[in-house]
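Chemist: Please model the complete structure; the sequences and the hints are all you need to start from.
4 protein chains.
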Amino acid sequence: MNQHFSKNRVEAFSDGIFAIIITLLVLEIKVPHIHEYNSTSELTKALISLLPKLIGWMISFFTVAVIWVNHHRIFGQFKHLDNGIFWWNALLLMWTSFIPFPTAVLGDYPNNLTSIILYGLVMSFMALSFTLMHKYALRNKNLLYDEIDLISFRKGTTYSFIFGPLMYLSGVFLGFIHPYLAFAVFLAIPVYFIFSENTK
Amino acid sequence: MNQHFSKNRVEAFSDGIFAIIITLLVLEIKVPHIHEYNSTSELTKALISLLPKLIGWMISFFTVAVIWVNHHRIFGQFKHLDNGIFWWNALLLMWTSFIPFPTAVLGDYPNNLTSIILYGLVMSFMALSFTLMHKYALRNKNLLYDEIDLISFRKGTTYSFIFGPLMYLSGVFLGFIHPYLAFAVFLAIPVYFIFSENTK
Amino acid sequence: MNQHFSKNRVEAFSDGIFAIIITLLVLEIKVPHIHEYNSTSELTKALISLLPKLIGWMISFFTVAVIWVNHHRIFGQFKHLDNGIFWWNALLLMWTSFIPFPTAVLGDYPNNLTSIILYGLVMSFMALSFTLMHKYALRNKNLLYDEIDLISFRKGTTYSFIFGPLMYLSGVFLGFIHPYLAFAVFLAIPVYFIFSENTK
Amino acid sequence: MNQHFSKNRVEAFSDGIFAIIITLLVLEIKVPHIHEYNSTSELTKALISLLPKLIGWMISFFTVAVIWVNHHRIFGQFKHLDNGIFWWNALLLMWTSFIPFPTAVLGDYPNNLTSIILYGLVMSFMALSFTLMHKYALRNKNLLYDEIDLISFRKGTTYSFIFGPLMYLSGVFLGFIHPYLAFAVFLAIPVYFIFSENTK
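Protein chains in written order, with our numbering: chain A, 371 to 570; chain B, 371 to 570; chain C, 371 to 570; chain D, 371 to 570.
Don't read these hints as lab results, they were simulated from the structure. Do not rely on the hints blindly, as some may be mistaken.
The list cannot tell twin chains apart, which means a pair is met if one copy fits it or any two copies do.
[Claimed, not checked] Simulated pairs of lysine-lysine, DSS-like, Cα-Cα distance not exceeding 27 Å:
#1 Lys377 - Lys511
#2 Lys423 - Lys511
#3 Lys449 - Lys511
#4 Lys449 - Lys505
#5 Lys505 - Lys400
#6 Lys415 - Lys377
#7 Lys400 - Lys423
#8 Lys400 - Lys415
#9 Lys449 - Lys423
#10 Lys505 - Lys415
#11 Lys415 - Lys511
#12 Lys511 - Lys400
#13 Lys400 - Lys449
#14 Lys415 - Lys449
#15 Lys423 - Lys377
#16 Lys377 - Lys449
#17 Lys400 - Lys377
#18 Lys505 - Lys423
Modeler: Listed below in structure tokens is the structure:
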């Protein structure tokens, strides 16, 4: 039997999941209920009170976009996909598809340390799946394109992928001091990734 | 590391997002509750009262379809995708994936100026993302196919893409006079794009 | 500017929409609420009372699958896609993405003639979009592959595509006699298409 | 008319459906409502009480991933797709797209034998669709790639595909003794598939 996976189909399946998650995030933002239907000031006030949810949605949107970029980058170096890569990828997709839940919990309970810990832990597990997929690829070099520079590929692990889980955990720890510090870190992580990629 | 993005995957990811948004829009239209289950006149009346929501849904449907066409047109001229294009595209996708929210707000509060302003602003930001992506491509001509006529490409900016945000803002301003004027403009914009493309 | 559309992207966009619609249909079937959590007889009874909704879901599932097959068949004969085909296709997608709404109305009010008329009309408009797309292709033969037998292609119009709207309208008229007659026709149409294709 | 289906489009359509189902599963997990917004202990307790739902979600996630792998494996051996394969595939997709419903019922009524029977039956029907698709391919060998070893392909039927429905039915029967035995089997099936594939 064919041991390899069709890279096209695994990418299409993963892209579908990423696209759905990034789009579902907005469904958590519900139309506010106001009493005077035509009152502009009441509707404006109601919309402004949604601002924390909107910011949470933007953070999660760009976080999923960064996950997509990392996924695209690591898959761009695979010549073949075997069962191991497929199931590490499935683990990554599982944690990623879970993101709408901690995002919604954080949106409803932004000042509750438990929701900050939940968000940070889910993101750490997601980031850890990347690290494990990357480590697996390093132990199965026949999966990679021949021309890939293994030293810089290994460095990529140390910097980007171990960095990821650690950053999210540091956000959780700062949340013990003040919730806003955790928010700042959760926002800074995708922003850092976006700009570090743009200047490379 | 590979600096370029796989155009296929970015397009597949974007198409997935567009397809989901355009389909989610219909979920805002809820089955009406009537008291006499078998009364055809009561159900007919309830369905007719949904007409403003249905029109709003049709407008947003064709607006997203026009966004898809513009996306298809601009991406058709890219030979390569770099980080810049990717993140301007992510910004465009963010505003586009937000469209179900202002559409739902407008559907619930059609006579409220705040919901008209919200809808017009989100659409302007979406249209502005196109302008910025287009401007970025003009400053990075190596991303475009060699045979592209840069003068007509630059003209495309001036006409279609600066035009877009301005049209939505003019709809907002007309909304100050009467909500229906804003609706007329929001409907006219995709209709204009559909027919201007068909006669070209 | 490039007048033609990338067939791959239009198909991917359409397939995404079809896949989402066919999957969203199941969301209309809600978990029943029972009072005694561990009573198997109460849960069994509650599930059995969902049977009409389940049958409605199956009908709509196979109806969308048949739409996909017809879409696949007609697109398989296009060499190029122009603006006309794109917008007739957008109209088809609009009616198709609307299907979850009349399906839900019919599931909630199965004995109400209004919901039968709504379902039949939406399906007729959907089927009519196919007819119009097909007629447009016949007037723009340069869009079709050269080897296509135009006589059998035109016949295809007369039989499958004019047939479609008429069948749905006949279901509506039979609904005036008894709702179950309309259901039988709405079920018979996709079944007929499935088996007529299998025996060709 | 073209009797064959475009394998690319059928796969893209199927992948879209699989991606949506696997992502929708998480929507069943609702943000808990607590009374003291900032109480970490209350939110922690509420999240812990969601654990059975989370485990159910993980089981269904990996079950759909295993379905995807089996779909990928069987489609990898098809040279052509005809009407028969398409409609057996549609039947498989129908049962698969139904999975969120029995998963939600099982999550709400985990100790109710009826929900265990429902889950097991839906999974058996899903697995049976694979068996029937496989049997159809064996009777239409011209659909398979020439180099496929038919004896091992037939063996594949006996072991994996007849095995599937039987395993789910055995889970249902064990549920009559104790619900947890059924859960153990429903969890063991995807786990078995994942590791049996990894060691092959």
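Chemist: Evaluate each hint against the coordinates.
Modeler: How the hints compare with the structure:
Both within a single protomer and between protomers do Lys377 and Lys511 lie at most 27 Å apart by alpha-carbon distance, with minima of 17 Å and 26 Å respectively. Taking identical chains as interchangeable, the C-alpha atoms of Lys423 and Lys511 are never at most 27 Å apart, the minima being 43 Å within one chain and 39 Å between chains. In this homomeric assembly, Lys449 and Lys511 come within 27 Å of each other (Cα to Cα) only inside a single copy, at 10 Å, whereas the closest approach across copies is 31 Å. In this assembly of identical chains, Lys449 and Lys505 lie within 27 Å of each other by CA distance solely inside one copy; the values are 16 Å within and 33 Å between copies.
Taking the shortest Cα distances, Lys505 and Lys400 never come within 27 Å of each other, neither inside one copy (41 Å) nor across copies (34 Å). Proximity of Lys415 to Lys377 under the C-alpha cut-off of 27 Å is found in neither arrangement, the shortest distances being 49 Å within a copy and 42 Å between copies. Proximity of Lys400 and Lys423 under a CA criterion of 27 Å is satisfied in both settings, with 10 Å inside one chain copy and 16 Å between copies. In this assembly of identical chains, Lys400 and Lys415 lie within 27 Å of each other by CA distance both inside one copy and across copies; the values are 15 Å within and 26 Å between.
In the homo-oligomer, the alpha carbons of Lys449 and Lys423 never lie at most 27 Å apart, since the shortest distance is 41 Å inside one protomer and 38 Å across protomers. Taking the closest pair of Cα atoms, Lys505 and Lys415 never come within 27 Å of each other, the shortest separation being 50 Å inside a single copy and 35 Å across copies. For a Cα distance limit of 27 Å, the shortest separation of Lys415 from Lys511 qualifies neither inside one copy, at 57 Å, nor across copies, at 45 Å. Within a single copy, Lys511 and Lys400 get their C-alpha atoms no closer than 48 Å, and across copies no closer than 42 Å, so neither meets the 27 Å cut-off.
Taking identical chains as interchangeable, the C-alpha atoms of Lys400 and Lys449 are never at most 27 Å apart, the minima being 44 Å within one chain and 40 Å between chains. In this assembly of identical chains, the alpha carbons of Lys415 and Lys449 never lie at most 27 Å apart, being 54 Å within a copy and 46 Å across copies at closest. Within a single copy, Lys423 and Lys377 get their C-alpha atoms no closer than 36 Å, and across copies no closer than 32 Å, so neither meets the 27 Å cut-off. Proximity of Lys377 and Lys449 under a CA criterion of 27 Å is satisfied in both settings, with 8 Å inside one chain copy and 18 Å between copies.
In this assembly of identical chains, Lys400 and Lys377 lie within 27 Å of each other by CA distance neither inside one copy nor across copies; the values are 38 Å within and 34 Å between. Taking the shortest alpha-carbon separations for Lys505 and Lys423, neither the intra-copy value of 36 Å nor the inter-copy value of 31 Å comes in at or below 27 Å.
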